[in-house]
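> Could you build all of it, start to finish, from the sequences and the hints given here?
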Amino acid sequence: MIEIKNLKAKIDGKEILQGINLQVNAGEVHAIMGPNGSGKSTLANVLTGHNSYEPSGGEVTFKGKDLLDLAPEDRAREGLFLGFQYPVEIPGVSNATFLQTAINEIRKYNDETEITPKEFLDRMKEKAKVVGMDNSLISRSVNTGFSGGEKKKNEIFQLLMLNPTLAILDETDSGLDIDALRIVSDGVNEFKNENNAVILVTHYQRLLDYIVPDFIHVLYEGKIIKSGGKELALELEEKGYGWITKGEN
Amino acid sequence: MNAEAKKMDAIERYTVNAEKIIAGNQNQSLSQLQNDSKASLSSMKFPTLKTEEWKYTNLKSLLNSEFSHSSQLNDVKITSDDVDKFKFKNFENYLLVFVNGVFKKELSDFEEIKKEIIISTISEAMVEREDIVSEYLSKIAVDKTAFDYLNLSSFIDGFFLQIPDNKILEKPIQMLNITGNKGHMTYTPTRNLIIAGKNSEASIIQNYVGIEGEQYFNTISSEVFIDQNALLNIYKVELENEDSCHIDKTDVLQRRDSKFNHFNFTFGGKLVRNDINTELSDENIECTLNGLYIGNDNQHIDNSTFINHAKPHCLSNELYKGILDDHSRGVFNGKILVERDAQLTNAYQNNNTILLSDDATIDTKPQLEIFADDVKCTHGATVGQLDESAMFYILSRGIPREKAKSMLITAFAESVVEGVKIEPLRDELNNLIFEHLNRDKVL
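Quick mapping for you: the protein sequence lines, in order, are chains A and B.
Just so it is clear: in the first sequence, position 244 is 361 by the numbering used here, and no numbers are missing.
Just so it is clear: in the second sequence, position 418 is 1381 by the numbering used here, and no numbers are missing.
No lab work stands behind these hints, which were simulated from the structure alone.
Note that the structure is a prediction, hence the values are computed from the model and not measured.
Ideal placement from N, C-alpha and C gives every residue a C-beta, glycine not left out.
Worth double-checking, as some hints may not be accurate.
Some chain A residues judged to face chain B by a derived CB distance under 8 Å, without partners named [what the hints assert, rightly or not]: (1) 175; (2) 201; (3) 209; (4) 222; (5) 223.
Right, dumping it as structure tokens:
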């Protein structure tokens, strides 16, 4: 689904990603872990096209297309989704307006007909239930006045509404209490099927108790320095990153 | 004769015109007042770029233009169809229509409250309610400039509104001001005296629109007295023609325990100046001055506010926001004075402007003068572009850049618009923002 080859990227002229190689296939969940400042969020932002990050080498193929060549809105329309670490408040724009606009823009790009208001409303109600948000959410402004936990739930709600092919979740678990973490994880598990894929960017092994990854990659100083199965998480939990990163310094 | 006329400066021209107006005036006390004002006008000068309070607003072209007094050309016909086209109609209101500053009862619709509140012209009120008019007319206005005397010396009839003590108005009053002339360049002095009685509650929408035709100059003066424990909301929506000038001064005097909320929405006009002065003359007064200015083309929009905290325990909140596109220019001048007596004052002021084009500019000048020692006062000003990280968030959902921009504009304006308590008016305002910026609204 997505193939990342030797990806390098800079922010403010400083090279943060120093050659990332990663392949994610349909039906897989990958977790990217690593200490602060290792480049995890940079990777998420470069893949989704944030203009503060400048790709400086390598290539990314998403569903057969050169991803880095696409504008951020077109990446979304091709089926890429980023769950933000810090979701943005948009006062005065309701969740309904926001998501209906997004869904119809994505459909238009893919030569599909617009969603009917009824279909949309039913879908909103159904997906709101999954993340434990009540129907008043529909008319509320995007993230406005939401608590940190509500904002993260709303990211998962948007994920379920937009139903992309590849979801990159950037520290969606950080700052959540255990109840919120469960709800967010349930949402991701609900989303997950054999035709789509998830990349979880996280600090904490805790998330992986709820969303079981197929692969775990350790990112350090802009490179993936170790990959393994889900058992790697336990090892990291026990021993920290030191045993892997030692040889790298 | 022509050469002679050319030599007259603006003061002379407006003084000569005032003479003609006064000559046709039947009302003794009004004539007296206008004569005095004319004398004051003739001894004054209009502000220039050297006048501190006007240093960002060039009046040269306005003052060099020769306008006729709109009342001297009796050729403007406004029908109720025209009124229908201009008025806000998606919510219930008591409608008062003014054509070139003159109150038109036949076009208005206020039968329902005719007996409950006092609606008349200032000239009528000078006879029927002499005591109250003489107490407040031209007395609330502070720091009078030549524009004040121009207005005072040559307004026609004027408008007087009194909300009696304890009266709570169910619906808002819409003051629809239609100004301009098809074939002549005209000026119109518009004058209002508004009295909100003790414990009264009312909302007023001041709606300014233009007649298609020549450019005009609307010079407005509103004096507002808010008595003890009264609540008054004023929503001003300025939609003058794009080639016209709008110089508005609103002076407000508040008494103990009263609340005043002023919302100032500026869309139209080539040159716009809004002065709002509020005097918090007693304890426990609340005053909110909020504004939103949307500029395009070569518009010049100058908002100048002054809040005088004269007594303790008062609260003032001020939020002015602007979105400026093309070559438009904004000015914000916000002065707050906290007098020595005014302990435990809370005063908050903010001015935020977004520049949508490289050629748009804003001059912002917050001024706090504090002479009391136990007060909480803050002020801040920001100027910037639309927030890029918020933009990325919206783009990342597949929404195109132009729609994302519109969403961010909505989000920016929301903190002012949300304070409008009439929901259908909020919808109208959101529409006007996008209409004025030539953008598609978000859904």
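> Give me the numbers of the hints this structure contradicts, sorted from smallest to largest.
Number 1 only.
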